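Q: Okay, here's what each chain looks like letter by letter:
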Amino acid sequence: MATRVLLVEDDERIRQALGLALADEGYDVVETATGEEALDVVDPDLDVVLLDLMLPGIDGIEVCSTLRSRGDLPIIIATARTDTADVIAGLEAGADDYVTKPLVAGELSARIRALLRRRRPAASPDADDGAPGPPEVRLGELTIHPGRQAVERHGVPVHLTHTEFRLLSELVSAGGDVVTREQLLQRVWGYDYFGDTRLLDVHVRRLRRKIEPDPDAPTLVLTVRGSGYRAAR
Amino acid sequence: MRTALLRRWRAVSLRWRVALAFGLVTTALAGLLSVATWQLASSYMLEQRERGATSQAVVDARLVADSLRRGSDDLPTLLVGLTGEPGTTVLLERGGAWTMAGQPVEVEQVPTVLLASAAAGTPSRQRLRISGAPVLAVAVAVTPTGDLFVRLAPLTELDRTLRYVSAVLVAGTALAGLLGVLLGWWTARRALRPLTDLTDAAARMAEGDLRARLPTRHEADLAPLATRFNDTADALAERVQRDARFAGDVSHELRTPLTTMINAGEVLRRRRDELPEAARRAVDLLVADVRRFHRMVEDLLEISRGIQAPDRHDLEPVDLAVVAENVPAALTPGGVLEIERPAPLVSADRRRLDRVLANLCENAGHHGGGVVRLGVRRRDGWAAIEVDDEGPGVPEELRDRVFERFTRGPRTGRDGADTGGTGLGLALVAQHIHGLGGRVWVEDRPGGGARFVVALREVTP
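Protein sequence lines, in the order shown, are assigned to chains A and B.
Here this note's numbering is used: the first residue of the first sequence is 578, the next is one more, and so on.
Here this note's numbering is used: the first residue of the second sequence is 17, the next is one more, and so on.
What the hints contain is simulated information worked out from the structure, not anything from laboratory work.
This structure is a prediction, so every number in the text was calculated from the model and none was measured.
Worth double-checking, as some hints may not be accurate.
[As the list claims (entries may be wrong)] Rough simulated footprint, nothing fancy, chain A against chain B, three-plus residues with beta-carbon under 8 Å:
1. 270 to 276
2. 333 to 345
3. 361 to 369
Yeah, the Cβ is synthetic: ideal placement off N, Cα and C, and Gly gets one too.
Can you make the complete structure from the sequences, with help from the hints?
A: Right under this line is the structure:
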């Protein structure tokens, strides 16, 4: 079944051209021009949302946080400029990745594929030898179930998006060693180069808000200045 | 001749001219005072000495006259007693015969004019040199018959004193002149400091630092200059920003049609094999140029952004080894990586640093046959990244220009072949690196080719 993409873009020509090119790449594209319309048409069959941040009416940031509050549907935001507060705001609102305009179908397709890969459990070194699945891992008060992509604190589920879960898994599987930002950007988002460290930093912030007892004084996901992050041993 | 001198004088800096003028005036004043002092002091001292020597000679002559009158035989003893201080000579002429005591001299050395004048009845004196030493000769008539008494007193001590005084005066004059020059230099420096500030600010501006301003001054003479300069600088900066904003706005507006073109082009490219030959070639041309157009618009946007707002909020300590190792192999095919350990840390915006390195590598690919070495090392107190290629190198006269916008490599112009660059890559490199307070230049690579060097200030973690 083809991947269903919701394209939210107010400019008629861009919507048409992008829709055409994405359809040509094999996606099933649903097009909407406004945020209101987008929130109406969202259904469980959608695989990913491509969201322009500059929309008439409800703006992209709001659409993003509304969608996020409803579930963990992967969201890619499209922004006009990389160095504005827009990117940070969109990521804080729950977006999984961002692309800058002008949007190119091929590049978008690569981002979508990387995003959808995160839905699958993290690859473990011995995943291929028929083992029943990676065992549970403990981090502080958390119990991580790699197979189910679930995290619990004292038996109470902690809800993470696929991206957040993948990020946590990568840190935990390093066993407390430093994982550089480049490695994380590559392993979680699939960026070989030009990965934006802000993407990572915002996700770490979001993750900490969900799993740390005190997000301002993290004890589980630690920053290694000038290098990357590591999980507590 | 005079105009040539005048021209040379004008070529001397104002500061030195003021200093020299101060020096000349003080030297002249001190010299004048010294000459006057010398005149007064030396004539007074000589006068004293001569008067003393004359009265001494008169008294001596009287003693000799008494002795002669008494007809006593102890005249030679008396004469020896009269010599007094060492170096003195006394001479007595009696009926054409000379008797001498003390320091021996040739009688011929006593001037006859002096003797004639003394014989006429007046005690006479004259300064002369005997055997190179200064001597004061006083001649007095002893008897009315023409016997003469001559006393030759050494002036060596007085001469030494006068020499000392003159040395002190000359040294004082020279010192005063030197102090005058120093004072003039210092005064001129103080007075001209605003001018130095202006020169510095203007130079920084010429180098492209539009934030250079003069400090506001309260002196009535200088306040208008500073204000005027700062207003001009503000106007210039605003104008540059307006131009940049315009370029940014244009690029921004271009992105909508660009999106349509790129994506429509992609659809065509995917169906390339279904197209007839001519259409296929047309699609290839179209897609290649749309791609370049895309990159150019992105570079232009990035350039205009950098000019508008040099942002400081994205700065963090960045390990240059990590940056260099992260460059994908596709950008440096066959190149070696040379990193000095421990690698330097710099304060930078990682995204921009990645862009800088990618642009330099792409430039080497377009114009230098590819990167042969990517180096990270410390150079003269800077943390440097070096990107080497084995191409033709960059001629001396183009080394600044390559960092300007749309300066294309010589190969592009000559055979019309497209190297794929946008003409903005190196300009963007320069802009980013200058924004980070660093320097970027190109030099010869040892062994041929070009070496692009990015130098940033090292920071401690």
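Q: Please go over all the hints and tell whether each is borne out by the structure.
A: Hint by hint, here is what the structure shows:
1. Remark: the segment 270 to 276 of chain B is confirmed as covered by chain A, as 6 of its residues place a Cβ nearer than 8 Å to a Cβ of that chain, reaching the required three.
2. Coverage of the segment 333 to 345 of chain B by chain A holds. Counting CB-CB distances below 8 Å, 7 residues qualify, and the rule asks for three or more.
3. Three residues within the 8 Å Cβ limit are the bar, and the segment 361 to 369 of chain B against chain A gives 3, so the coverage statement holds.
In this structure, every one of the numbered hints holds.
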